[in-house]
Every structure is written in structure tokens, then in C-alpha cells.
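S.K.: Listed below are the residues making up each chain.
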Amino acid sequence: MERVADMAEHARQGFAEQLERHRGIVFKVAGTYCRNPDDRAELAQEIASQLWQAYPRFDPTRPFSTWMYRIALNVAISFVRGNSQRHRHAVPLDEQLHDIADPHAVDPHAEQQVRALHRFIHAQAPLDRALLLLYLEDRGYREMSEILGISETNVATKISRLKQRIRNEL
Amino acid sequence: MDTDELKAAWQALERRMTLQDQLSLHLFREGRLEKARHSLRPLFWGQLIQIAFGVAMIVLGVSCWTPHRDLPVLLVSGIIVHAYGVATTALAGITLGLISQIDYSAPVLTIQRHLARLRRFYIFNGMIAGLSWWLLWLPFVIALGAVVGGNLTPAAPGMLAVCLAIGIPGLIATAWIHRRRRRNAGSDECFQDVLGGTSIQRSQRVLDELSRFERE
Numbered sequence: 000m001e002r003v004a005d006m007a008e009h010a011r012q013g014f015a016e017q018l019e020r021h022r023g024i025v026f027k028v029a030g031t032y033c034r035n036p037d038d039r040a041e042l043a044q045e046i047a048s049q050l051w052q053a054y055p056r057f058d059p060t061r062p063f064s065t066w067m068y069r070i071a072l073n074v075a076i077s078f079v080r081g082n083s084q085r086h087r088h089a090v091p092l093d094e095q096l097h098d099i100a101d102p103h104a105v106d107p108h109a110e111q112q113v114r115a116l117h118r119f120i121h122a123q124a125p126l127d128r129a130l131l132l133l134y135l136e137d138r139g140y141r142e143m144s145e146i147l148g149i150s151e152t153n154v155a156t157k158i159s160r161l162k163q164r165i166r167n168e169l
Numbered sequence: 000m001d002t003d004e005l006k007a008a009w010q011a012l013e014r015r016m017t018l019q020d021q022l023s024l025h026l027f028r029e030g031r032l033e034k035a036r037h038s039l040r041p042l043f044w045g046q047l048i049q050i051a052f053g054v055a056m057i058v059l060g061v062s063c064w065t066p067h068r069d070l071p072v073l074l075v076s077g078i079i080v081h082a083y084g085v086a087t088t089a090l091a092g093i094t095l096g097l098i099s100q101i102d103y104s105a106p107v108l109t110i111q112r113h114l115a116r117l118r119r120f121y122i123f124n125g126m127i128a129g130l131s132w133w134l135l136w137l138p139f140v141i142a143l144g145a146v147v148g149g150n151l152t153p154a155a156p157g158m159l160a161v162c163l164a165i166g167i168p169g170l171i172a173t174a175w176i177h178r179r180r181r182r183n184a185g186s187d188e189c190f191q192d193v194l195g196g197t198s199i200q201r202s203q204r205v206l207d208e209l210s211r212f213e214r215e
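Protein chains in written order, with numbering that gives the first Met the number 0: chain Z, 0 to 169; chain U, 0 to 215.
Possibly wrong hints are sitting among the right ones.
Residues from chain U that face chain Z, not an exhaustive set, calculated with beta carbons under 8 Å [unchecked claim]: (1) 51; (2) 55; (3) 57; (4) 58; (5) 106; (6) 110; (7) 212; (8) 213.
Cross-link-like lysine to any residue pairs, in silico, SDA-like; alpha carbons within 20 Å at most [said to hold, decoys possible]: (9) Z/162 <-> U/3; (10) Z/162 <-> Z/134; (11) U/6 <-> Z/52; (12) U/6 <-> Z/127; (13) Z/162 <-> Z/141.
To spell it out: a stretch of chain U is covered by chain Z in this simulated footprint if at least three of its residues, at any positions, have a beta carbon under 8 Å from a beta carbon of chain Z; those stretches are [said to hold, decoys possible]: (14) 6-17; (15) 166-177.
Calculated directly from the structure, the hints in this document are not laboratory data.
The C-beta atom is built at its ideal place from N, Cα and C for all residues, glycine as well.
Okay, chain U solo, but in the shape it has when bound (with noise of 0.2 Å):
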């Protein structure tokens, strides 16, 4: 097909689309405008939603280690619930930053650049603010006790015994499965996205393919 050739088929084919679209017209016309699908909005909600949880953990964590710093299990346990809650807020600060950047009118390669970076970091804020539970509940527990009056500190060892038994476990199936999903991504379709790992994937080989688009 020569270049005329090529305009020539364009020419048919885009009129045939239009033909066919002239349907689609009466969506601008009815005030449908404002009816954006708003594909990043329940992302939005659940970032304002990690920051309550998370100002929820810091004020629990401060309510506990501040009137018990003689007392080392509650003071560790204060400060781990503390840094945890300071870690999640922060986490969908960043995040909700990103989203606020996204502009479409910027330059398609930007635009899509960013929109891949914002899912990495996403999926890699929900890894830290979920994976964390399989050793956090500990701390959380007697973090809990303590503000609500009940003193755990005398079961702490039992309990953190319980804990590392369940969490270290817990945590190594978790990088295992994690693992297994990077390994056989695409091939498992009632495991797609367990723990993110495909999603990390597929943001991976956006980011490579605007890498390739950009250099070659």
C-alpha cells in the first residue's frame, strides 16, 4: 500500500467510524459533561481513609508509651503502634500527592510515566500498611490493653512467643505466594493480583515499554 493508498483507506475508515459515532453525539449534548468515570476516585477515598487509620494508630500509640516509659514492654509497643501510624499516613500522603499531579493535559509519555509510578507505589503502600499486620497485631494488642486499662505486659512473652510463631511463618508463605505469582503471572487468573505481585509487574512493563517507546 503506497501512501496515497494509505490516506485513501484512512479517509474511508474514519468516515465510516464517524458514521457510525454520530450516535455517541447526543452524550455531549445532555449535559452528561460532569459524568467523568473518575477511575482514581475510590483511590482518593481509600488514602483519606489510611490517614484516619493511621492518625488513629499514632494517637494510640503516644497514649500508650507516654505514661509508661518506665515500663519497656508498653514503651516498645507504644512506639512500634506510633511508627506505624506516622508510616501509613505518610505512605497515602505521597500517594495522594501523586494522584493530585495527574493532569491530563500534559504530554502523553509524562502523563503515562507518572500514572505507572502512582500503581508501583500504591500497590507498594498497600504491602507496607497490610504485610506489616502479621507481627503488628502484637504491639497493637498490648498497645490497646494499655489504654483501655487492661495490663498485658505479664502474658508479653507468651504472646510474643504466639506472635513470631504465626508471623514469621505468615510473613515467609506471604513472599513465597509473592514469588510464585511474579513467576507464573498471567498464568492463574483466581490468583490475579494476590498481594500485587502481577499489578507490580504490570506497572513494571508500562514503565519499560515508555522506556523503550522513548529511547528507540
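Bound conformation, chain Z alone (with noise of 0.2 Å):
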């Protein structure tokens, strides 16, 4: 008895180094899928919790970040999903930017390419977002085809449209 309680704090200890060494997956995911700061908290809250549910079934062999990614990714994409049709934290979008918007930024140009790129993130639909951030984040093609369950070529077309849309719009 004495030695699974062993066992099971040594898995929570285990689990906690590994999210606070990558718990920026977590922040990122919530920041890039949410842009009030509650909801922010909630899916991050939600993204930890089925984290630590799927951590038994973990394969160490393989790296923890893509597989955190797919965890994080799914959570926030039905999050989102699920929450469009119920009453969320609704703010607008502009007021949203004082979210982000730092007072103090001494180059206003660069603080309007953060903004726009902020709206730019947000007007993606959901699964065009998780490629967003994955290419953001300079994921390779091979990672970002594991994550998102698409071929690399695929994943290499994308991203060449993608990059053409950012070239447009911002």
C-alpha cells in the first residue's frame, strides 16, 4: 500500500517538473485560444488537468512537448468550440488589446505589429490557429505533422499559404 502512494507521488513529482519545464506550451496555448484573461486561467486550469489525467499513459521514448501540444491543442480547440455557444467572457476585441498592450513600449511601431498580430492570431479559426502557433513557435514540418494528425506535405502547404496570408495582412 506503502509503495503505490510512493509510486503515485513519484508520477506527481515526475509530472510537475516536466509541466513547469514546459508549462510556456501551457500559457501559449491558452493565450493564443482565449483573449480574456479568466477564460485564459480556466483553459489553462483544463489543459493541466487533462495533462496530468493522460500522464500515465505518457511514452517517455517519445518527446513530452508534441505530446503535450496535442493534449494542449485538442483541449483548447473543444474549449473553444464548446464555449462559443454558451455565454462566455465577451469583450471586444479592441478592449480586448489593453489586455496585451504594453503602456510603456517605446517603439510604437513595433507595438503596433504586436497588436496586429494579436488580431491576426484571433481571427483564425481554430485549427488554422494551432498551425499559427505551431509555425510561430518554429515547430518543424515533421512535429507539426504529429501534432496535427496531417502529412508533412501537407503541413509544408500550409504553411506556404499561411505565410502568404501574413504577407497580406499584415
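Hey, can you piece these two chains together into the complex? The hints should help.
M.R.: What follows is the structure in C-alpha cells.
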């Protein structure tokens, strides 16, 4: 009985360390899918809980970040789809920009670009947003294909279209 | 915006998001990991209740038709109730099977497609289990009467006429509302999800979106 408790504690510790090391993924996915801080915190919590539940099935020979991206994106997309039907913390986009705005920005041009990127991210459909996030995070085509479940060729085509869209819209 | 500017903008945005979310970190450290929202838990329990209900209907149907094989009204009523019980149990079992196959660590497209199919199947399940009561109440009442000792067979022809007079217009009206909802999806908030019309459309839209994403 004591051994089982030790193993559970060991697993929990291992998970906490991994989560701490890769916590940026959770925040970035939550930030990409939710504009409102309350929604973001709720989504981050939901992602962490689902990661913990899936952790016993994690294959340690595979990269933790790929596994984490899959879960985080799946949870975020489902969260956004589920929430779009209910009353969420609906705040106009312009008002939301206050949330990411830097009042001490020294370079107005750079500040404008940050805002434009923020707007662009949130204008994308959930699946395109996942691709955009992975592209911005410099993930390789192979990893993107493993996370999304499409072929590498398909990823390459989509990325090239995405770059074109970025050039046109930003 | 060129690639370097884009990456710089992303890094700035990322820093700001991380800074804001430092507060959320305490959630991970306070033993709240088990508190997942479990959005599918009510669905899971709902299906277990449906299985229990289906089994009760099977018991009722079998108890009605097995001792009365010589009485066509009771035989037919019992078999209809029995068949309904089997159908609702099977549909709930399949829904539970679909829920159990959800593994968020699978690729995004696989899981999102699975969730959309689960949603569509669940709505279909609900429609079969619910709409059949427009006509099912008659065999149910007759079967229940036969089991508890009241013989409703002599009144059956009159009850059948009432059942058909109510049930068929009811089903037609339901189908009409359903079609109307599908046509005007989104325009009428208070009828959202009536009969699953908009839900089916929504799940279909998600499936279409996934196929498009994969194809394009």
C-alpha cells in the first residue's frame, strides 16, 4: 500500500517537473485561444488537468513537448468550440487589446505590430490557429504533422499559404 | 511584416502573455490537478441512466409478450417495447464506447473528428430515444397494464385511434419544427438546439471544417 502511494507521489513529482519545464506551452496555447484573462486561466487549468490525467499513458521515449502540444491544442479547440455556444466573457476585441498592450512601449511601430499579430491570431479558425502557433514557435514540419495528424507535405503547403496570408494581412 | 518582425512581435506577445499568466501558476501548485472540468461526465452518466431505462423496458416488454403469445395485441405491444429497450440500450452502449475512445493525446484532427462524430451520434441517439414516444406510449401502456394485471386489450382499438391521431400529427409537427430550425439556424436563440437541429448542423460544420483543413 505504501509502495503504491510512493509510486503515485513519484509520478506526481515527475509530472510537476515536466509541467514546470514546459509550462510556456500551456500559457501560449491558452493565450492563443482565449483573449479574456479569466477564460485563459480556466483553459490553462483545464489543459493542466487533462495533461495530468493522460500522464500515466505518456510514452517516455517520445518527446514530452509534442505530447503536450497535442493535448493542449485538443483541449483548447474543444474549449473554444464548446464556449462559443455559451455565454462567455465576451469583450470587444479593441478592449481586449488593453490586455496585451504595453503602456511603456518605446517603439510605437513594434507595438503596432504586436497588436496586429494579436488581432491576426484571434481572427483565425481554431485549426488554422493551431498551425499558426506551431509555426510561430518554430516547430519542424515533422513535429507539426505529428501534432495535427496531417502529412508533412500538407503541413508544408499550409505553411506556405499561411506565410502568404501573413504577408497580405500584416 | 517580414519574418524577423513577425518573430519579434510573437516574442513580445508571448512575454506579455506569460507575464499575465504568472498568477495562474498557483493553480498547478495547489493540488488542483484532479479538478478537470470533465465536460463529458454528464453525458457519461446520462448514458448509464439510459441503459438502466432500456433494460427496464426490455424486462417490461418480455414480461408482457412471453405469457401472452396467444393475444396478438399484447404480443405486438410487448415486442415493440422490448425492441425499443434493446435499441435504447444499444445506442447508449455505443455512445459510451465512443466516449471511452477519446484520448486527448492523439493527433488534433483525429480527436476533433471523433468528438464531432460523438456529438452527432449522441443527438441521433436522443432523437430515437425521445421521438418514438409520440407512438410508443400506447404499446407501453398496454404492456404495463398486462404486467400489473389490468387488461387493456378490449380498449386497444380505441386507444390505437387516439394514439395515431395524436402521434402522427405530433411527429409531423416535430419534423416541421426540425426542418425550420435547420433552415433558420442561429436566428432564433430561444429555440437553439430544439430537437438537436442546430447541434447536428454544428457538428456537421465541424466535420466539414476538418475535412477542408485536411484537404486544402
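S.K.: Compare the structure with each hint and give your call.
M.R.: Going through the hints against the structure:
Taking 8 Å as the C-beta contact cut-off toward chain Z, the hint placing residue 51 of chain U at the interface is violated, the least distance being around 27 Å. The restraint placing residue 55 of chain U at the interface with chain Z is violated, with a minimum CB-CB distance near 32 Å, outside the 8 Å limit. Interface hint at residue 57 of chain U: violated, since its Cβ lies 34 Å from the closest Cβ of chain Z, which is beyond the 8 Å cut-off. Evaluation of the residue 58 of chain U hint against chain Z yields a violated restraint, the C-beta minimum of about 36 Å exceeding 8 Å.
Checking residue 106 of chain U against chain Z by beta carbon gives a least distance of about 3 Å; that is within 8 Å, so the hint holds. This hint holds: residue 110 of chain U has a C-beta 5 Å from the nearest C-beta of chain Z, less than the 8 Å allowed. With a cut of 8 Å, the hint placing residue 212 of chain U at the interface with chain Z holds, because the nearest CB-to-CB distance is about 5 Å. For the restraint placing residue 213 of chain U at the interface with chain Z, the shortest Cβ-Cβ distance is roughly 6 Å, inside the 8 Å limit, so the hint holds.
Restraint check for residue 162 of chain Z and residue 3 of chain U: the C-alpha separation of about 12 Å stays at or below 20 Å, so the hint holds. Distance hint between residue 162 of chain Z and residue 134 of chain Z is fulfilled; the C-alpha atoms sit about 9 Å from each other, no more than 20 Å. Under the criterion of a C-alpha separation no larger than 20 Å, the hint pairing residue 6 of chain U with residue 52 of chain Z is inconsistent with the structure, at around 33 Å. Pair hint residue 6 of chain U plus residue 127 of chain Z holds up; C-alpha atoms about 18 Å apart against a cutoff of 20 Å.
Of the supplied pair hints, the one linking residue 162 of chain Z and residue 141 of chain Z holds, its CA atoms being roughly 18 Å apart against a limit of 20 Å. Only residues whose C-beta sits within less than 8 Å of a C-beta in chain Z count toward coverage, and the stretch 6-17 of chain U has 10 of them, enough to reach three; the restraint holds. Only residues whose beta carbon comes within less than 8 Å of a beta carbon in chain Z count, and the stretch 166-177 of chain U has 0; fewer than three means the coverage is violated.
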